[in-house]
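If you read the sequences in order, they're chains A and B. Quick note: the first sequence, position 310, residue 310 per this note's numbering, numbers continuous. For any residue, its number in this note's numbering is found by taking its place in the second sequence, counting from 1, and adding 312.
Since the hints were derived computationally from the structure, they do not count as laboratory data. All C-beta atoms, glycine included, are put in the ideal place defined by N, C-alpha and C. Fair warning: there could be bad hints in the mix.
One-sided and incomplete, this derived list gives chain B residues near chain A with beta-carbon spacing under 10 Å [claimed, not checked]: (1) 323; (2) 326; (3) 333; (4) 452; (5) 465; (6) 470; (7) 471; (8) 558; (9) 559.
The residues making up each chain are set out below.
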Amino acid sequence: MSDLNAVSATEAPGQVPTEPRHVEKQNKPRSLAGDAWIDLRRSKIFWIAAVLVVIILLMAAWPSLFTSADPRACSLSRQHQGPSGEAFFGYDFQGCDVYARTIYGARNSIIVGVCATLIAGIIGLVIGLASGFYGGATDALLSRFVDVMLGIPFLLGAIVLAKRLSADPQNNGVVAVTVTLGVLGWTTGARVMRSAVISSKNQDYVAAARMLGSGPGRLMFRHIVPNSIASFVVVLTILLGINIASEATLSFLGIGLKGDAISWGIAIAEAGPYVRTAAAPLVWPSIFLAATVLAFIMLGDAVRDAFDPKLR
Amino acid sequence: MFRYLVRRLLQMVLTFFGATFVVYALMFANQDDPLQALAGERPLTESQRIALTERYHLDDSFLQQYWYYIKGLLTGNFGTSLTGRSINDMLADAWPVTIKLAIIAILIASTVAVIAGVISGIRRGGAFDNVTLIGTLILLSLPIVVLAPLAQLIFGIQLGWFPPTATRDATVYQLLLPALVLGSLVVATELRVTRSSVAENLRADYVRTARAKGLSRNRVIGVHVLRNSLIPVITLIGVDIGALMSGAIVTEGVFNIPGVGFNLFRGIRTEDGPLVVGFVSVLVIVFLVVNLIVDLLYAALDPRIRYE
Numbered sequence: 001m002s003d004l005n006a007v008s009a010t011e012a013p014g015q016v017p018t019e020p021r022h023v024e025k026q027n028k029p030r031s032l033a034g035d036a037w038i039d040l041r042r043s044k045i046f047w048i049a050a051v052l053v054v055i056i057l058l059m060a061a062w063p064s065l066f067t068s069a070d071p072r073a074c075s076l077s078r079q080h081q082g083p084s085g086e087a088f089f090g091y092d093f094q095g096c097d098v099y100a101r102t103i104y105g106a107r108n109s110i111i112v113g114v115c116a117t118l119i120a121g122i123i124g125l126v127i128g129l130a131s132g133f134y135g136g137a138t139d140a141l142l143s144r145f146v147d148v149m150l151g152i153p154f155l156l157g158a159i160v161l162a163k164r165l166s167a168d169p170q171n172n173g174v175v176a177v178t179v180t181l182g183v184l185g186w187t188t189g190a191r192v193m194r195s196a197v198i199s200s201k202n203q204d205y206v207a208a209a210r211m212l213g214s215g216p217g218r219l220m221f222r223h224i225v226p227n228s229i230a231s232f233v234v235v236l237t238i239l240l241g242i243n244i245a246s247e248a249t250l251s252f253l254g255i256g257l258k259g260d261a262i263s264w265g266i267a268i269a270e271a272g273p274y275v276r277t278a279a280a281p282l283v284w285p286s287i288f289l290a291a292t293v294l295a296f297i298m299l300g301d302a303v304r305d306a307f308d309p310k311l312r
Numbered sequence: 313m314f315r316y317l318v319r320r321l322l323q324m325v326l327t328f329f330g331a332t333f334v335v336y337a338l339m340f341a342n343q344d345d346p347l348q349a350l351a352g353e354r355p356l357t358e359s360q361r362i363a364l365t366e367r368y369h370l371d372d373s374f375l376q377q378y379w380y381y382i383k384g385l386l387t388g389n390f391g392t393s394l395t396g397r398s399i400n401d402m403l404a405d406a407w408p409v410t411i412k413l414a415i416i417a418i419l420i421a422s423t424v425a426v427i428a429g430v431i432s433g434i435r436r437g438g439a440f441d442n443v444t445l446i447g448t449l450i451l452l453s454l455p456i457v458v459l460a461p462l463a464q465l466i467f468g469i470q471l472g473w474f475p476p477t478a479t480r481d482a483t484v485y486q487l488l489l490p491a492l493v494l495g496s497l498v499v500a501t502e503l504r505v506t507r508s509s510v511a512e513n514l515r516a517d518y519v520r521t522a523r524a525k526g527l528s529r530n531r532v533i534g535v536h537v538l539r540n541s542l543i544p545v546i547t548l549i550g551v552d553i554g555a556l557m558s559g560a561i562v563t564e565g566v567f568n569i570p571g572v573g574f575n576l577f578r579g580i581r582t583e584d585g586p587l588v589v590g591f592v593s594v595l596v597i598v599f600l601v602v603n604l605i606v607d608l609l610y611a612a613l614d615p616r617i618r619y620e
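This is chain A alone, in the form it adopts within the complex (with noise of 0.2 Å):
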């Protein structure tokens, strides 16, 4: 197609001024996240998620947006109040607005979430793409590694290293858990990252680059990383989702966030013995914490069909 397009502009420069450049536009070779973008633009579920991922990023960023009431003013006068024009939940068992406590939530989930995916993500990249590029024993031993971690369910072994991580009553936990999750969350990106870079070492511009006299690190970072990494950023999307959810789970079992940090999690377990009384404090942070795991989910999703329409 560029090469139709390239003789019509040469023989017809200035027949129809506007014509070749629109021609040009519509027909330029598109990459593959060119292709993947216009696919992207086109998928609701796409739309939905990327909105619902800007109102929680805002919500991390600048609770105050949300909300004007300070979510450590709790007074037990209050306690399992019902919803009003100034606390829209209610309150919980401590008497501490549930709304202003759910919107200051989204702060510790994202950080840990974030956090966690980018340690997950580097360890993942590290030894995915060793493996994956060194191959040979390099690979042999790496893999049986991964086969080892997943032969740890993951929450188990979260459970064990958090526990130790977290012994210091004195801290809230945000870093004890987000080295958990991260520490424990790499295997499935560096068997994506593996299986990528096998298959794009093997190309021939890696060939013709590494004739030009390129060394490993050049051939890596400069040719086969940005040729592999699309399916690797979509797990690690996912993985945000995953790690969101994994945070609150080990929350509220009592090894994750605590002291005084906010968190869905540790709202979801202080709630469930009141439920009786007052539902409203354990329904909306389970409800935003829901949405705030599907929203990454489904962007992941959303991603992974552009890129691989074959799975659909």
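For chain A, the structure is supplied; the task is to place chain B on it using the hints.
Positioned in the frame of chain A, the structure of chain B alone reads:
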């Protein structure tokens, strides 16, 4: 087949030692004073300290300690909890309930998944298919900490269809709602795999042959397609067990079911380190063994699968 068996068993041995080593290392990472943790607030005298150090081999090297731990696991001795009860006894009490719960959950999940998966696999792109796809997406992203308490609130307390908590000897009826919650953790992936493998098998040559020789549509789908589509679903059971275990900790905690997950839940809450480690080790071993069995079953069920 024999070569595969040997290979898989050797791999299992490696994974077993690797996984238990990682669990053990995680547990001992960053541990400051286990004896004080054992004693709680009470001060320890020097002689008690020496006796306990001797008893728990705390002076030995990390690898030696790992060896004692492995020896305990392999001889079926998982230690005692801080309350003084043997973990083997607690497990013996808890397993039957959890197994009952897991079986009900898997039965519900696989029935729903296979029926819905076959329908949406046959009518791909139809209304039912689209609705189930969105439904599975939502199910996949509902964390268990949301699902279990909300189900208890809505179906157990507000609507009163099911008992909201279980008693000591949990009956099937009491386990029904928790099993539904647990089953919904695995139903989405099972459904998606059934759907795609039905859709793939419908295009296979043997289906065309079966149709060509005049078999009824029901027989083609019910016998030929279904049988071949269920093989990948069976392999999912191995993965599912991991999800069910994680789910069971929260679900049994919320619904007060005296199973393995509930004990673990309580152990975490009461900071009972030995209990947590003992239970986690047992669960990891169960997970590995189930995955081994599923892999062998897979190779036996599908003769096309041959690993070298």
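* Those earlier numbered hints the structure runs against, lowest number first -> 7
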